[in-house]
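**Student:** Protein chains in written order, with the working numbering: chain X, 2 to 385; chain S, 4 to 200.
Please note: incorrect hints may appear among the correct ones.
Label-pair ranges, simulated between beta-carbon atoms [as the list claims (entries may be wrong)]: (1) S:Asn76 with X:Arg329: 29 to 39 angstroms; (2) S:Glu111 with X:Glu370: 22 to 32 angstroms; (3) S:Gly175 with X:Glu57: 50 to 60 angstroms; (4) S:Glu77 with X:Glu370: 15 to 25 angstroms; (5) X:Glu57 with S:Thr149: 37 to 47 angstroms; (6) S:Asp192 with X:Arg374: 34 to 44 angstroms; (7) S:Thr149 with X:Glu264: 30 to 40 angstroms; (8) X:Glu257 with S:Leu56: 13 to 23 angstroms; (9) X:Lys299 with S:Lys183: 33 to 43 angstroms; (10) S:Thr149 with X:His222: 48 to 58 angstroms; (11) X:Lys316 with S:Ala141: 44 to 54 angstroms.
Calculated Cβ distances over 12 angstroms to all of chain X for the following chain S residues [to be verified]: (12) Glu142; (13) Arg181; (14) Glu188.
Quick caveat, the hints were computed from the structure, so don't treat them as lab data. Beta carbons: idealized from backbone N, C-alpha and C, even for Gly.
This is what each chain is made of:
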Amino acid sequence: MKLFCVLGIESSCDDTGAAVIRSDGTILGESLASQHAIHEQFGGVVPGLAKDAHEENIDRVINTALQRANMSMEDVDAIGVTVGPGLEICLRVGCNRGRELAMKYNKPFVGVHHLEAHILMARIPPVKHDNNGGEQSATYDEIVQSSGDRAMDFPFLALLVSGGHCQILKCLGIGRYAIVGGTLDDSLGEAFDKIARLLGLPVGGGGGPAVEALSLDGDPHSVALPIPMQRRKDCDFSYAGLKTSVRMAAERMCVERGVESPERLRYEDKANIAASFQHVAFRHVEIRLGRAMELVEKEDGIRTLAVVGGVAANKELRRRLNALCSDRIEPWEMLVPPPRLCTDQGAMSAWAAVERLSVGSSDLAEDQEVFARYPFSVSLNDAS
Amino acid sequence: MPLLTKSSDRLNATSERYTLNLSIPTAEDMEDVGGLLSVNSAKGDVILLDGDLGAGKTCFSRGFVRGRTGSENERVTSPTYLLSNTYPVDGGGARIYHMDLYRLSGSEGDLAPLDLDNAFADGICLVEWPSRLRRKPAERLDITLTIDSVTRSDDDGGVDDPGRLMQLVPHGARWLERLKFLESEGYFDDLLCSSVE
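Given these sequences and hints, build the entire structure.
**Tutor:** Here is the structure:
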């Protein structure tokens with residue numbers, strides 16, 4: 002297949018990102034304007050989150066990505082833009098700019114589904130990711146050979162865990178996904194963030210990494226916490242109850258220690274709470290995911306798992322899911338994209354557009370709308 | 004509707020403002036109250052939901068959204084990260100906006116992505132963490148949720164979730180009338196807190 006290059010734009014929530022990616026999976030150039038660096042001083046608040054921030058950043062981010070790829074708009078073969086789900090006003094900033102560029106330069110256009118983009122990152126061919134400007138060259142033959150190769154083939158099972166999402170999906174093909182389970186309340190990433198807040202941890206690098214780091218110093222069995230939804234034998238998640246259990250356990254500990262609030266607990270106590278929470282939060286994942294694996298293995302013969310979304314960066318989660326896969330009678334293969342490709346950024350939209358274009362699917366730029374709600378697929382129950 | 008604490012009195016008339024205080028024993032009851040308040044809700048209705056982590060704001064919202072959309076199994080998940088989740092109602096004629104302002108600083112530019120003026124005027128709004136709002140709509144219902152430390156189970160190591168206390172304060176005639184109606188019709192009878200003895 003002939004190689005082509007796609008400019009991808011992502012602005013669905015906090016961050017504004019752009020990237021140029023070649024159809025063999027090589028990221029040629031990328032740029033991300035993120036508010037994360039300034040979180041800490043505001044205690045987790047996102048001060049720059051605004052339509053204005055996206056508007057200020059969008060052109061600079063696109064131009065930087067192009068520059069790093071050493072390309073101009075004329076050289077790009079297509080444009081992919083996240084069109085939902087997300088915040089309408091933020092989505093519109095990226096979508097409008099993508100549409101303008103596609104129409105001005107007469108390029109094919111792909112309106113990208115944000116969750117599909119997360120999942121498809123698991124298929125991006127490995128190795129050649131870091132190529133920001135620096136010419137890390139594969140020979141032409143290697144490129145031709147590798148083009149069309151994907152890190153994993155359909156069908157596969159995907160666990161999507163991030164701040165905003167918490168789902169298990171059966172992935173059958175481009176644009177063909179069935180939801181096997183999802184959260185009834187909070188997402189896994191959000192639960193981590195809220196526990197970080199409860200314990201008064203520095204959340205500059207995100208609540209998740211703060212709890213993960215603290216957990217290393219704690220005993221995961223020191224604080225008794227109930228595993229959520231023990232009686233429900235399906236693949237859904239719930240983290241709201243666990244969050245409350247952690248808060249109550251922390252408050253009991255405050256009484257014992259004679260301190261006013263969980264933030265004032267000793268480091269050891271906080272570490273024990275964090276480790277116990279993380280253990281139970283992941284135990285919940287193992288149970289629900291294990292059940293989903295059982296199901297799709299039997300029904301569809303699927304034996305590969307993609308773990309995507311920001312929480313996939315958690316090392317303990319990766320370790321445990323790896324064990325979950327390898328301990329099966331017939332071991333599963335597990336694939337996790339590099340952590341930086343798990344969070345929201347432009348390469349997601351670019352790669353999703355490559356995948357769509359590779360199966361001959363694109364959209365009309367002039368008609369493209371954005372969708373705050375963007376139903377992904379039917380749930381298995383509804384489908385059957 | 005669930006049964007709970009013996010209820011005697013009803014309103015605390017502090018500074019002439021009509022206020023309802025409810026005691027909500029379980030998450031199901033919280034959803035029921037949400038569903039009750041969703042009945043006949045219309046464009047321009049705004050409910051501001053205050054309360055700590057885990058106080059039941061999203062739980063209330065789940066009942067409200069399910070009640071108003073009529074889809075019992077609608078997934079109503081936390082809007083903390085996504086900031087705003089929307090649910091179409093009346094065949095797409097209106098929308099419920101379920102928002103969480105926690106992650107925002109409250110500055111004008113920060114709130115801009117939510118397009119609040121439009122949402123307040125044209126949608127049915129449930130707003131978590133409303134202290135970030137610079138201006139509150141004149142017509143609105145303020146709900147404050149707190150975790151009821153009194154009803155907490157005392158068997159040690161028990162992980163029973165304690166009940167919640169809910170205070171409802173209407174602003175404007177529309178909410179005042181609706182709350183008075185619901186109360187007079189007995190919808191809250193099982194949940195009303197006894198006032199201070």
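**Student:** For each hint, tell me whether it holds in the structure or not.
**Tutor:** Right, here's what the structure says about each hint:
{"no.": "1", "hint": "S:Asn76 with X:Arg329: 29 to 39 angstroms", "verdict": "31 angstroms, holds"}
{"no.": "2", "hint": "S:Glu111 with X:Glu370: 22 to 32 angstroms", "verdict": "27 angstroms, holds"}
{"no.": "3", "hint": "S:Gly175 with X:Glu57: 50 to 60 angstroms", "verdict": "38 angstroms, violated"}
{"no.": "4", "hint": "S:Glu77 with X:Glu370: 15 to 25 angstroms", "verdict": "23 angstroms, holds"}
{"no.": "5", "hint": "X:Glu57 with S:Thr149: 37 to 47 angstroms", "verdict": "40 angstroms, holds"}
{"no.": "6", "hint": "S:Asp192 with X:Arg374: 34 to 44 angstroms", "verdict": "37 angstroms, holds"}
{"no.": "7", "hint": "S:Thr149 with X:Glu264: 30 to 40 angstroms", "verdict": "19 angstroms, violated"}
{"no.": "8", "hint": "X:Glu257 with S:Leu56: 13 to 23 angstroms", "verdict": "21 angstroms, holds"}
{"no.": "9", "hint": "X:Lys299 with S:Lys183: 33 to 43 angstroms", "verdict": "57 angstroms, violated"}
{"no.": "10", "hint": "S:Thr149 with X:His222: 48 to 58 angstroms", "verdict": "32 angstroms, violated"}
{"no.": "11", "hint": "X:Lys316 with S:Ala141: 44 to 54 angstroms", "verdict": "51 angstroms, holds"}
{"no.": "12", "hint": "Glu142", "verdict": "24 angstroms, holds"}
{"no.": "13", "hint": "Arg181", "verdict": "27 angstroms, holds"}
{"no.": "14", "hint": "Glu188", "verdict": "31 angstroms, holds"}
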